[in-house]
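Enquirer: Single-letter residue listing:
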Amino acid sequence: MNDLGLSFQVALDLILNMDKDLIQIVSLSLRVTLTAVLFATIVGIPLGAIIAIYKFPGRVVLITLFNALMGLPPVVVGLAVYLLLSRAGPLGEYGILYTPTAMIIAQSVLVLPIIVALTRQTIEEMYIEYREQLQSLGARKFQMIPTLIWDGRFNLVTNVLAGFGRASAEVGAVIIVGGNINHTTRVMTTAIALETSKGQLAMALGLGIILLTVVILINALVLWFRFLALRVQG
Amino acid sequence: MPIKPDYKMILPLTVQNLSFRVGTTIILNDIDFSLEHIGPSLIVGPNGAGKSVLLRLCHGLLRPTSGKILWATEERSRASFDQAMVFQRPILLRRSARANIEHALALRGVPRPDRRIRSMSVLEQTGIMQIATRSARVLSIGEQQLLALARAWSFRPRVLFLDEPTANLDPNYTRLVEEIILKINESGTKIIMTSHDMGQVQRLAKEVVFIYDGCLKEHQLAGDFFSNPKTEAAQYFINGKLVG
Numbered sequence: 005m006n007d008l009g010l011s012f013q014v015a016l017d018l019i020l021n022m023d024k025d026l027i028q029i030v031s032l033s034l035r036v037t038l039t040a041v042l043f044a045t046i047v048g049i050p051l052g053a054i055i056a057i058y059k060f061p062g063r064v065v066l067i068t069l070f071n072a073l074m075g076l077p078p079v080v081v082g083l084a085v086y087l088l089l090s091r092a093g094p095l096g097e098y099g100i101l102y103t104p105t106a107m108i109i110a111q112s113v114l115v116l117p118i119i120v121a122l123t124r125q126t127i128e129e130m131y132i133e134y135r136e137q138l139q140s141l142g143a144r145k146f147q148m149i150p151t152l153i154w155d156g157r158f159n160l161v162t163n164v165l166a167g168f169g170r171a172s173a174e175v176g177a178v179i180i181v182g183g184n185i186n187h188t189t190r191v192m193t194t195a196i197a198l199e200t201s202k203g204q205l206a207m208a209l210g211l212g213i214i215l216l217t218v219v220i221l222i223n224a225l226v227l228w229f230r231f232l233a234l235r236v237q238g
Numbered sequence: 031m032p033i034k035p036d037y038k039m040i041l042p043l044t045v046q047n048l049s050f051r052v053g054t055t056i057i058l059n060d061i062d063f064s065l066e067h068i069g070p071s072l073i074v075g076p077n078g079a080g081k082s083v084l085l086r087l088c089h090g091l092l093r094p095t096s097g098k099i100l101w102a103t104e105e106r107s108r109a110s111f112d113q114a115m116v117f118q119r120p121i122l123l124r125r126s127a128r129a130n131i132e133h134a135l136a137l138r139g140v141p142r143p144d145r146r147i148r149s150m151s152v153l154e155q156t157g158i159m160q161i162a163t164r165s166a167r168v169l170s171i172g173e174q175q176l177l178a179l180a181r182a183w184s185f186r187p188r189v190l191f192l193d194e195p196t197a198n199l200d201p202n203y204t205r206l207v208e209e210i211i212l213k214i215n216e217s218g219t220k221i222i223m224t225s226h227d228m229g230q231v232q233r234l235a236k237e238v239v240f241i242y243d244g245c246l247k248e249h250q251l252a253g254d255f256f257s258n259p260k261t262e263a264a265q266y267f268i269n270g271k272l273v274g
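Going down the list, the sequences are from chains A and B.
One point on numbering: in my numbering, the residue at position 142 of the first sequence is 146, and numbering is uninterrupted.
One point on numbering: in my numbering, the residue at position 155 of the second sequence is 185, and numbering is uninterrupted.
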């Protein structure tokens with residue numbers, strides 16, 4: 005109980021003092037995670053929609069694969085991206101290992117299957133309902149994709165939030181490709197892991213409370229907009 | 031701006047030896063008829079007779095198991111731009127009423143400035159200008175069906191298919207929808223509609239195609255169908271004694 009009380013105190017102190025390190029860590033966390041989610045959304049939503057409405061050989065295998073990849077272990081993704089970006093790797097010449105860019109790449113890979121698989125599910129269900137109507141209106145399949153995505157936007161937003169939750173919570177991938185370098189690649193989850201290993205439990209828990217608060221705030225904000233929009237647009 | 035279809039006839043619609051099966055279940059069996067441009071044709075029959083499937087086949091949403099559907103003399107494989115359809119439960123997009131019409135026009139390649147003009151004009155003619163900016167999903171069922179009719183009408187189709195468009199509506203909206211259907215008919219569009227409501231068939235039909243148990247039983251002018259039904263099934267149905 006004391007530990008918990010102390011951690012809230014630490015968390016509150018960090019926030020009230022506008023601790024420079026903390027602000028840097030929080031803003032880097034948000035930058036990495038939000039950029040990764042943005043990339044995964046831009047690629048994942050159209051890809052999921054294409055898989056949902058086109059029939060092609062290997063479609064079922066692809067659907068199974070993306071569903072399975074939703075549970076991709078972050079350390080494995082971290083390792084794969086590490087091998088890709090390390091000096092000896094195929095993309096080694098760009099020298100982006102241990103930079104935020106590497107962390108964004110790793111998290112995009114983690115989030116992409118979640119957004120693809122959930123979008124596929126959402127759009128496929130809509131397609132069953134909408135197909136005849138859209139065909140009758142004269143839509144070709146490639147025209148149905150943007151129509152369905154826009155009509156399913158409120159459900160798709162929830163899918164994107166699931167991806168955001170995954171990215172903001174994980175530590176395994178970003179610690180391998182980012183290296184948890186102070187002032188450069190240290191984010192909230194890696195800082196928590198570090199403080200825990202140092203035995204600074206109050207600090208670790210304090211950071212944990214801040215992370216949780218940030219994630220809850222972002223979710224609340226998005227869901228509130230969704231709620232308002234749904235009320236107006238039905 | 032009045033909505034007048036640009037007339038190059040695609041009628042008659044000729045259905046030859048048309049059959050449709052799902053697995054071993056026969057939905058429609060060896061149907062033959064030809065529809066001319068003579069006012070609303072109503073496809074009539076009890077629930078489960080195969081009316082909606084017949085409409086979908088003619089519109090190109092389903093492919094026949096065997097037989098042919100000919101427009102003038104041509105065969106077409108998909109829903110064509112000459113036609114439109116209003117479903118019993120229309121799907122309206124999560125946009126404003128006007129945007130629903132304009133998006134549909136965009137799907138058919140109508141240039142942007144024309145979309146606005148056509149959507150406003152058709153909302154006006156359908157009498158639902160007041161809902162133009164409201165989201166289609168929050169409209170009442172009756173308003174949604176009027177909007178679906180307006181959307182279909184905005185295409186200026188030569189043929190309009192209507193699948194029991196008033197089945198879910200109250201008497202007031204049923205009357206409004208029927209008035210619009212007659213307006214569309216007067217504008218020169220051929221109406222092909224399913225119904226099992228005998229009062230409605232009497233109010234709207236110029237000719238009746240009576241389907242029972244997947245088979246075509248009668249095809250006559252409406253007056254003759256009601257005064258002199260040839261088959262027993264039709265006599266029972268008119269008297270409200272036939273169930274599917």
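Simulated from the structure, these hints should not be mistaken for laboratory data.
Among the hints, a few may not be true.
Just a few of them, taken from the derived set where beta-carbon distance is under 7 Å, the chain B residues facing chain A [as the list claims (entries may be wrong)]:
#	residue
1	M115
2	Q118
3	I121
4	A134
5	R138
6	V168
To list a few chain A residues with every Cβ distance to chain B over 12 Å, as calculated [as the list claims (entries may be wrong)]:
#	residue
7	P50
8	M130
9	G156
10	A166
11	N184
12	M207
13	N223
14	A233
15	Q237
Backbone N, C-alpha and C fix where the C-beta goes; we use that ideal spot for every residue, glycine too.
Enquirer: Decide, hint by hint, whether the structure agrees.
Expert: Hints and how they fare:
1. M115: holds (5 Å)
2. Q118: violated (11 Å)
3. I121: holds (4 Å)
4. A134: Holds. Min distance 5 Å.
5. R138: Interface hint status for R138(B): holds (4 Å vs cutoff 7 Å).
6. V168: holds (4 Å)
7. P50: holds (18 Å)
8. M130: violated (9 Å)
9. G156: violated (8 Å)
10. A166: holds (21 Å)
11. N184: holds (44 Å)
12. M207: holds (47 Å)
13. N223: holds (22 Å)
14. A233: The assertion about A233(A) is violated, with a minimum of 10 Å to chain B.
15. Q237: Violated, since 4 Å does not exceed 12 Å.
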